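Trainee: Chain residues, written in single-letter form:
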Amino acid sequence: GENVEQHPSTLSVQEGDSAVIKCTYSDSASNYFPWYKQELGKRPQLIIDIRSNVGEKKDQRIAVTLNKTAKHFSLHITETQPEDSAVYFCAASGRSGGYNKLIFGAGTRLAVHP
Amino acid sequence: DAGVTQSPTHLIKTRGQHVTLRCSPISGHKSVSWYQQVLGQGPQFIFQYYEKEERGRGNFPDRFSARQFPNYSSELNVNALLLGDSALYLCASSLGQSGETQYFGPGTRLLVL
Numbered sequence: 001g002e003n004v005e006q007h008p009s010t011l012s013v014q015e016g017d018s019a020v021i022k023c024t025y026s027d028s029a030s031n032y033f034p035w036y037k038q039e040l041g042k043r044p045q046l047i048i049d050i051r052s053n054v055g056e057k058k059d060q061r062i063a064v065t066l067n068k069t070a071k072h073f074s075l076h077i078t079e080t081q082p083e084d085s086a087v088y089f090c091a092a093s094g095r096s097g098g099y100n101k102l103i104f105g106a107g108t109r110l111a112v113h114p
Numbered sequence: 001d002a003g004v005t006q007s008p009t010h011l012i013k014t015r016g017q018h019v020t021l022r023c024s025p026i027s028g029h030k031s032v033s034w035y036q037q038v039l040g041q042g043p044q045f046i047f048q049y050y051e052k053e054e055r056g057r058g059n060f061p062d063r064f065s066a067r068q069f070p071n072y073s074s075e076l077n078v079n080a081l082l083l084g085d086s087a088l089y090l091c092a093s094s095l096g097q098s099g100e101t102q103y104f105g106p107g108t109r110l111l112v113l
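From first to last, the protein sequence lines stand for chains A and B. Numbering of the first sequence is given in the numbering used here, commencing with residue 1 and proceeding in unit increments. Numbering of the second sequence is given in the numbering used here, commencing with residue 1 and proceeding in unit increments.
Hints in this document: simulated from the structure, not taken from any laboratory. None of these values were measured; they are calculated from a predicted model. We put the CB at the ideal spot given by N, CA and C, even for glycine. Please note that the accuracy of each hint is not assured.
[Claimed, not checked] Covered stretches of chain A (chain B as the covering partner; in silico rule of three or more C-beta atoms under 8 Å from a C-beta of chain B):
#1 14-21
#2 38-47
[Unchecked claim] Covered by chain A, per the in silico footprint, the following chain B stretches (three or more residues, Cβ under 8 Å):
#3 39-50
#4 63-72
#5 104-110
Take these sequences, add in the hints, and give me the full structure.
Mentor: Take a look at the structure:
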């Protein structure tokens with residue numbers, strides 16, 4: 001079935017270091033891969049997304065890479081700051097069927113220590 | 001900035017009761033999707049509605065139902081509540097039907113006792 005695996009489940013870094021979160025997906029038909037940041041008690045907020053016709057996308061300190069052959073995609077955060085501390089979720093679009101289903105990973109709890 | 005809104009924010013019910021959750025999408029968005037987020041897990045897809053029609057359904061029992069109104073707002077109904085239905089219910093709004101960016105509302109936190 002459709003599945004997204006996300007690693008690591010927790011990540012602790014020092015302020016200024018880089019953080020990398022990796023996801024793999026099972027459905028080769030997936031073509032849209034968003035990343036969401038969720039702070040405690042808040043809604044998931046879209047931070048960056050990538051579509052299957054692009055291998056890499058960058059937005060300031062955040063970048064996402066996609067390897068369609070290996071069905072891997074990764075989130076890279078550089079120069080981490082304490083306000084980056086949150087749970088990060090990767091997602092992949094579900095099997096094409098004319099609808100907007102997202103399959104989410106289990107999340108990575110990122111802690112950035114000053 | 002009129003983002004996705006949901007009501008109520010919190011709800012406490014007892015087993016066997018039913019609940020109705022409401023969502024208003026971003027102005028101009030025609031699609032609403034519902035997700036269930038159990039504590040410590042990622043959101044799980046329940047339904048998508050587009051132009052008032054069900055376009056997709058996740059692996060949830062028939063106790064879960066939804067509908068979309070002419071103004072594109074949506075309701076999620078859950079009957080015969082179980083303890084395991086306790087979760088954060090998220091509504092996501094998107095412009096179109098497929099492959100679109102989804103923006104989440106603040107969610108409704110449901111506790112079933």
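Trainee: State whether the coverage of the stretch 63-72 of chain B by chain A holds or is violated, taking the criterion as 3 or more residues with Cβ-Cβ distances under 8 Å.
Mentor: violated (count 0)
Trainee: With a C-beta cutoff of 8 Å, work out whether three or more residues of the stretch 39-50 of chain B approach chain A closely enough for the coverage to hold.
Mentor: holds (count 8)
Trainee: Is the listed coverage of the stretch 14-21 of chain A by chain B valid when you require three or more residues with a beta carbon under 8 Å from a beta carbon of that chain?
Mentor: violated (count 0)
Trainee: Are there at least three residues in the stretch 104-110 of chain B whose beta carbon sits under 8 Å from a beta carbon of chain A?
Mentor: Our answer is that it holds, as 4 residues pass the Cβ test (under 8 Å) against chain A, meeting three.
Trainee: Go check the stretch 38-47 of chain A versus chain B for me, would you? Three or more residues, Cβ under 8 Å, otherwise it fails.
Mentor: It holds: at least three residues are needed, and the stretch 38-47 of chain A offers 5 whose Cβ sits within less than 8 Å of chain B.
This entry does not satisfy hints 1, 4, going by the numbered hints stated previously.
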